[in-house]
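Each chain, written out:
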Amino acid sequence: MQTFLGIDYATLWFLVLGGVFTGYAILDGFDLGAGVWHLFFRKEKSRRIALNAVGPVWDGNEVWLVIGGGALFAGFPVVYATVLSAMYIPFILFLIFLIFRAISIEFRSKEPMKWWRQGWDISYSVSSIVLALLLGVVLGNILQGMNIGADKEFQGSWLEFINPYAIMVGVCTLALFMMHGAIYLIMKTEGRQFVKMTVYIKQAIAFFVVSFSITTVYTLIYIPHLSDRFKEQPIFFLIALIAFLAIANIPRLIKKGKYRLSFIFSSLTIASLLSIVAFELYPAIVLSTQNPDYSLTVYNASASEKSLGILLTIAAIGVPLVLSYTAFVFWTFRGKVKIDETSY
Amino acid sequence: MDVEILSRIQFALTVSFHYIYPPLSIGLGLIMVLMEGLYLWTKNLEYHRLAKFWTKIFALTFGIGVATGIIMEFEFGTNWATYSKYVGDIFGSALAAEGIFAFALESGFLGILLFGWNRVKPVVHFIATLGVWLGSMFSAVWIVVANSWQQTPAGYHIVGEGMEARAEITDFWAMVFNPSSVDRLSHVWIGAFLAGAFLVLSVHAYYLLKGRHIEVSKKAFKIALSVALVASLAQLFTGHHSADGVAENQPAKLAAMEGHFDSLSVADMYIMGWVDKESQEVTGIKVPKGLTFLLHQDFETPVKGLNAFPVDERPTAINAIFQFYHIMVAIGMMLIALSLYGAFLWWRGKLFDKRWLLMVFAFSVILPQIANQVGWFAAEMGRQPWVVYGLLRTSDALSKAVTADQVLFSLILFTVVYAFLFTLFIYLLNKKIKHGPEEGELIDQRPRQKEIANAFPTLNP
Chain A
1 MQTFLGIDYA TLWFLVLGGV FTGYAILDGF DLGAGVWHLF FRKEKSRRIA LNAVGPVWDG
61 NEVWLVIGGG ALFAGFPVVY ATVLSAMYIP FILFLIFLIF RAISIEFRSK EPMKWWRQGW
121 DISYSVSSIV LALLLGVVLG NILQGMNIGA DKEFQGSWLE FINPYAIMVG VCTLALFMMH
181 GAIYLIMKTE GRQFVKMTVY IKQAIAFFVV SFSITTVYTL IYIPHLSDRF KEQPIFFLIA
241 LIAFLAIANI PRLIKKGKYR LSFIFSSLTI ASLLSIVAFE LYPAIVLSTQ NPDYSLTVYN
301 ASASEKSLGI LLTIAAIGVP LVLSYTAFVF WTFRGKVKID ETSY
Chain B
345 MDVEILSRIQ FALTVSFHYI YPPLSIGLGL IMVLMEGLYL WTKNLEYHRL AKFWTKIFAL
405 TFGIGVATGI IMEFEFGTNW ATYSKYVGDI FGSALAAEGI FAFALESGFL GILLFGWNRV
465 KPVVHFIATL GVWLGSMFSA VWIVVANSWQ QTPAGYHIVG EGMEARAEIT DFWAMVFNPS
525 SVDRLSHVWI GAFLAGAFLV LSVHAYYLLK GRHIEVSKKA FKIALSVALV ASLAQLFTGH
585 HSADGVAENQ PAKLAAMEGH FDSLSVADMY IMGWVDKESQ EVTGIKVPKG LTFLLHQDFE
645 TPVKGLNAFP VDERPTAINA IFQFYHIMVA IGMMLIALSL YGAFLWWRGK LFDKRWLLMV
705 FAFSVILPQI ANQVGWFAAE MGRQPWVVYG LLRTSDALSK AVTADQVLFS LILFTVVYAF
765 LFTLFIYLLN KKIKHGPEEG ELIDQRPRQK EIANAFPTLN P
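Protein chains in written order, with the working numbering: chain A, 1 to 344; chain B, 345 to 805.
The set of hints was computed from the structure by calculation and includes no laboratory data. For each residue, glycine too, the CB sits at the ideal point set by N, CA and C. Careful, some of the hints might be misleading.
Using 27 Å as the maximum straight-line C-alpha spacing, the simulated DSSO-like pairs for lysine-lysine come out as follows [to be verified]:
no., chain 1, residue 1, chain 2, residue 2
1, A, 152, A, 45
2, A, 152, A, 196
3, A, 110, B, 400
4, A, 338, B, 744
5, A, 110, B, 775
6, A, 202, A, 110
7, A, 45, B, 776
8, A, 338, B, 775
9, A, 45, A, 231
10, A, 114, A, 258
11, A, 336, B, 775
12, A, 110, B, 396
Anything over 12 Å on all C-beta distances counts as not near chain B; from chain A, calculated [to be verified]:
no., residue
13, 4
14, 87
15, 152
16, 153
17, 167
18, 268
19, 340
Derived DEER-like restraints, expressed as beta-carbon distance ranges [claimed, not checked]:
no., chain 1, residue 1, chain 2, residue 2, range
20, A, 343, B, 740, 18 to 24 Å
21, B, 416, A, 327, 48 to 54 Å
22, B, 739, A, 327, 30 to 36 Å
23, B, 759, A, 199, 39 to 45 Å
Can you build the whole structure from these sequences, using the hints too?
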């Protein structure tokens, strides 16, 4: 197989894909997190500020999901087809709630009536919670492995996606996004709302640490194929250490009032946790619980080498562009939220 | 009902509903670029007011377009897993390119377009508007390329056999410039310009009829009429080219569009008609030998008919395809007539004198929408029974892991949610139109923000 910098194309695309999904988790993670906190604000003005904190950027953040979906389809069509059809119901629900999240943000402030705004507030918050949970459930199923047969097709029942481990990872994802979103809101709010968030963040961190610890213990005991990889390659401990330090650093930085830095560290937490996921699975993407030989790997589920080469070229041109205008937009809307006549 | 028909209905529902919005975004985007450009050029605040007003309506259409568009991207995997595996090597790179080149550009600048009026300089804002519009144009490029590849595959070879077979890319540019992509892309773009232009014409005709926002409405009407005139005439050419392409590459589809069965005879062209599949006859108003003339520029050459194809390799819903195609053409002609007549009156300085014409314009918004929908219906139904023309059958393209119950559940869910969404869209659109552009002087808030920042330096880190 052709290589670039000593890495073959399939692995390289696996890294790109990991990068895009990490970008999505970091960026939409704080949108979803902010959405979860939305109903914790009681006053109309606070809710509008919270909404407008994500207002100009959520749509751009969601693009990372669109790119991720395209990148998965293009690079690993078999994984895309098998995983999406195997978890049909959760993915359809995910898409439906994605619609509700979008229209809640857009429509909420278009009418002054109280029932209208209250309705969209609830829809926004519930959508954010469900989306975070579903993302975790999908990730949990992938971590755990799926019932994949020799024909690379899912052979289990449609209800298999609901299982204790998937729910645990779902809750863990929710907690992670709540922590991440809380820090984002701290950066974007002022006055009493700001003070309120500095209290909530402590609870969010506690929630995350507890749910993450439980999930980790469960993984070590019940999902041996994941912990085995740890024993084989000690480098994992290094990434785990980074993740641990990043998490530990967050409360310390918040106490010092260094919110921007703590946001970087919560982003780093997300990135290092997803790196662990990627390294634990590689070269498999979806493990088969029937027979390890049936697993979908970066080699047996990928597009042709020619196609991967084209994709890498597209990414090499496109990713710097995307990053540059993402940065430009965030820079334009930096600082605390100001409500004006164009706001949501 | 089985998985196939349910999945087809669901895809048709989700994609047609989605397709109400992107053409509006592309068309309105162009008109907003013109409005803001005219503002920068003339410094006339009325253009600024117009641009701001249309941005709000754009935000509405764009938002629903994005929300319903993501569905399509994932539906290939959920409902059409076999298809996804078959075409992933090719289709995937077009979709990935769309996401990374087009959609990111669009959504990235959208924040500045919507919320940046008081935050960036007018020129920067104009660039953002341009970025959003170009993004939506590029989006259409990649989506139409992917769809055109399904109609006229090129730049690939088939690997594997039977259920394991799949298409692999051999030449990226041959895939991008497959025989139908340029014709179809231009046809889609212009269809979108017409959708946007006629929405603007309709709304401002309504204001003129009501005697509101008269000065700005006259300006906006003229901008949109110019776009409509150029676009509706250009659509004749792109339409003709597309039909030529269909005749060459997908003769079964063309035969279905015209209800032509017999390969040995010279083909007529129908203005309107009804196809009886059993007797293989069309009754209606026709131009004798018209189709032969359009395709071959003579009156002798026979046109390949449906009977030339095996029964299982030709579309079944002949009359529906015939009707959809003819409705699209008829609407195209109506739009040309309307735009030409409007332009003629403008030239004579009487554009806004005829109330009945303004009334017609006010209702004309529905026409390009219908034409866009039925045009796609003809194109996609005419491709059947293939999902990838000549290579993969629709019935072989489904997800094996998905059952009919699951699809029925999601279909009901989509139907309910989309009905709700459409009601909201019409309600909010109506409200925004009733509200209209802001009257009076515009206040530039940028200097004020600077004052505030100076007064409270601690608030702006």
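Hint-by-hint comparison with the structure:
no.	hint	verdict
1	A:152 to A:45	52 Å, violated
2	A:152 to A:196	50 Å, violated
3	A:110 to B:400	11 Å, holds
4	A:338 to B:744	51 Å, violated
5	A:110 to B:775	9 Å, holds
6	A:202 to A:110	34 Å, violated
7	A:45 to B:776	23 Å, holds
8	A:338 to B:775	25 Å, holds
9	A:45 to A:231	52 Å, violated
10	A:114 to A:258	37 Å, violated
11	A:336 to B:775	31 Å, violated
12	A:110 to B:396	16 Å, holds
13	4	17 Å, holds
14	87	8 Å, violated
15	152	8 Å, violated
16	153	5 Å, violated
17	167	21 Å, holds
18	268	22 Å, holds
19	340	6 Å, violated
20	A:343 to B:740: 18 to 24 Å	50 Å, violated
21	B:416 to A:327: 48 to 54 Å	29 Å, violated
22	B:739 to A:327: 30 to 36 Å	47 Å, violated
23	B:759 to A:199: 39 to 45 Å	44 Å, holds
Of the hints listed earlier, those the structure fails to meet are numbers 1, 2, 4, 6, 9, 10, 11, 14, 15, 16, 19, 20, 21 and 22, in rising order.
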